[in-house]
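There are 2 protein chains.
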Amino acid sequence: MANKSHYQFNETKRVAYSTIKPWIRQIFCTNGLKEADAEIVADSLVTADARGVYSHGILRTSIYRKRIQKGCVDVNAVPQVIVDNAATMVVEGNNAMGQVVGQYAMEKAIEKAKVYGISFVSARGSNHYGTCAYYAQMALAEQMIGISATIGGGNLMAPWGGTDARVGNNPFGIAIPAENAFPVVLDMAQSVVAKGKIVMATKTNTPIPKEWAFDNNGRETTDPFKAMQGTVRPIADYKGYGIAATVGFLCSVISDAAIGLSLKDVYEDFSGGLNKGQMFIAIDLAHLTDVSAFKRRMDREIAYIKASPPAKDMEEVYLPGELEARKQEQQMKEGILYPIEVLDEIKEISTKDKVKIPAGI
Amino acid sequence: MANKSHYQFNETKRVAYSTIKPWIRQIFCTNGLKEADAEIVADSLVTADARGVYSHGILRTSIYRKRIQKGCVDVNAVPQVIVDNAATMVVEGNNAMGQVVGQYAMEKAIEKAKVYGISFVSARGSNHYGTCAYYAQMALAEQMIGISATIGGGNLMAPWGGTDARVGNNPFGIAIPAENAFPVVLDMAQSVVAKGKIVMATKTNTPIPKEWAFDNNGRETTDPFKAMQGTVRPIADYKGYGIAATVGFLCSVISDAAIGLSLKDVYEDFSGGLNKGQMFIAIDLAHLTDVSAFKRRMDREIAYIKASPPAKDMEEVYLPGELEARKQEQQMKEGILYPIEVLDEIKEISTKDKVKIPAGI
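Residue numbers (the working numbering), protein chains in the order written: chain C, 1 to 361; chain Z, 1001 to 1361.
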């Protein structure tokens, strides 16, 4: 019984959040983002790294910058509400950075949930927005359950039984508050691994497990470069495909955002905005129950699950998001562990953009 | 590449929906249910069979009847609203049959979605309610997206990294309308297979694939009887466990229904009501977009996915719920194919309960 696959880094360096975040922010400011928008993007990326979710961390700086420089993202755009109807809303992202659209839409979802108890905000005209958990977790401070999902970064998976990539890995995130325990935060893509992990394997030139992906002939492969040309495998085969297809419809068909044939690959298509679709739900617990009692019940159930005797070679049983929360606590204190290759790429970018590299990096 | 695992039946018989449904209804009436309630239960079970979802079909008649006869379900109970707050609601099932609670709660969710655009109904005091798809699909006729989920029939899975069963397989269903294509209906448990399929294998004394379950020592097993004593394996290992845990919290912690230590096994605990928790969400598309345009977009995306060239040995690519919808169309015309063992059990029950067995069975 193996736990989550962890990254194997070669040479690494720990960097403080307070060092790396302003550095990344400055890169985006230099590339034209307003400071407030650059702050959201940098925080979303560095927070992902702090949580150990390196696939959605500063590794993405390079592609975000490239898309901005090629004019695929409108750095001046402000998202706007185009449908506002009781507990529901459609947000037009106007091709702003995905994080800017995501934060705006989730704030709207939270406002609406305060009034109606639950809300649904559907976004279009967005871009890659980082981790779903980032937006789902925004609900926690309001004593709400948060849900967010996005169409994936491109059609990466074949529909089950098919051979070519027509479905995104379409991740979703759900955050549920607890009292003293870490909040439960589930954030998962419907592929066996996020494509970002395959990207990471190409950066470090590391073979991937054969269960991760198919090559462009539909055969299993351990070569991350061949996997980049093929399709990633859905979790649980037809079930994961089913989730991916369904999440895609919920994210993009309501708001008429890109999906299927109109979905452009974030890494490969620089013809314009991605018109990504995303969804945001907030559920205000105070509308339904006594919030403190709810949070104590969550603590009780979390403790019950954690009390399961661990299997051979396992030290402890974890709740969804617990490893990430523990990692975040640790790395916010001790600094965030980065592979040298990832930092080197940011240094290269900084040199090109004439952004000051922090001392000691 | 294998498609969904299909049942291997030995001797079988086709029976018309119009024959089997009144027969099952009569069994439940004889056991004390009001006719309208017996109708809901019978329709939910026979519809599952018609869709090929035999694990949640009339196979369950025996356990439902046993629970009624042992006084574990209140056949006279009427569900009631205990919290009604804008777009949200908590329903107390009062220990009615799960299907009765489910239908009541989903009707409330649909009513609320008409007003607010989205709704959230949390139920407690419920029982085993059949398939999630049954309730999610109720939204389709209203041009809504329907979502329903339930705490599972018992703690069947170990938390990932643990050894004992502390998590239900906690299925969810999502139904999305289309124009001419079949609606997309995803309905899945978080175990590699529903425990009902293992129950079915014990009925037909058929070995199960080793990926389905662990024995009570956490080892893979092909023996369905040993699997019944052990734990079922979550799909995609820690990801499936993560979904199961999260769905369980959403279903049972808000309404303070049974979960974890308080979750009784539907097959093993006859000490009283199960106090199951379920959730129901309806999203009224008319609040968000032009419904006809939405449905045409769904058709377009479904067609795009279906146009994927099939893999070797596959004839066609299917959307979630499409195989079930096709099967339902076929079996509503030609009769529902049943293994003799399942019909024999209903005949035995009928003899005991002095219910007339339809001619030709």
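Rather than coming from a laboratory, the hints here were simulated on the basis of the structure. Quick reminder that beta carbons are idealized off the backbone N, C-alpha and C, glycines included. Some clues are possibly wrong.
Partner residues are not named here, just some residues of chain Z that face chain C (Cβ under 10 angstroms, in silico) [as the list claims (entries may be wrong)]:
1. ARG1065
2. GLY1117
3. PHE1120
4. ARG1166
5. PHE1182
6. ASN1216
7. GLY1218
8. PRO1234
9. TYR1238
10. TYR1241
11. THR1246
12. ARG1297
13. GLU1301
14. PRO1310
15. VAL1355
16. ILE1357
Results of checking the hints against the structure:
With a cut of 10 angstroms, the hint placing Z:ARG1065 at the interface with chain C is violated, because the nearest CB-to-CB distance is about 31 angstroms. Checking Z:GLY1117 against chain C: minimum C-beta separation of about 3 angstroms stays under 10 angstroms; hint holds. With a cut of 10 angstroms, the hint placing Z:PHE1120 at the interface with chain C holds, because the nearest CB-to-CB distance is about 4 angstroms. With a least beta-carbon distance of about 5 angstroms to chain C, the hint placing Z:ARG1166 at the interface is held under the 10 angstroms criterion.
For Z:PHE1182, the shortest C-beta to C-beta distance to chain C is roughly 13 angstroms, which exceeds 10 angstroms, and the interface hint is violated. Here the hint on Z:ASN1216 is broken, as its CB sits about 13 angstroms from the closest CB of chain C, past 10 angstroms. Taken as an interface hint, Z:GLY1218 checks out: its beta carbon lies about 6 angstroms from the nearest beta carbon of chain C, inside 10 angstroms. A distance limit of 10 angstroms between C-beta atoms decides the matter here; for Z:PRO1234 the minimum to chain C is near 9 angstroms, and the interface restraint holds.
Because the beta carbon of Z:TYR1238 sits about 6 angstroms from the nearest beta carbon in chain C, less than 10 angstroms, this interface hint is met. This hint holds: Z:TYR1241 has a C-beta 8 angstroms from the nearest C-beta of chain C, less than the 10 angstroms allowed. A hinted interface residue such as Z:THR1246 counts as satisfied when its beta carbon comes closer than 10 angstroms to some beta carbon of chain C; here the least separation is about 5 angstroms, so the hint holds. A cut of 10 angstroms between beta carbons decides the hint on Z:ARG1297: the least distance to chain C is about 5 angstroms, and the hint holds.
Look at Z:GLU1301: its Cβ gets to within about 5 angstroms of chain C, closer than 10 angstroms, so that hint holds up. Taking 10 angstroms as the C-beta cut-off, the interface hint given for Z:PRO1310 holds, the closest approach to chain C being about 6 angstroms. Here the hint on Z:VAL1355 is broken, as its CB sits about 38 angstroms from the closest CB of chain C, past 10 angstroms. Taking 10 angstroms as the C-beta contact cut-off toward chain C, the hint placing Z:ILE1357 at the interface is violated, the least distance being around 37 angstroms.
When the structure is compared with the earlier hints, violations turn up for hints 1, 5, 6, 15 and 16 and for no others.
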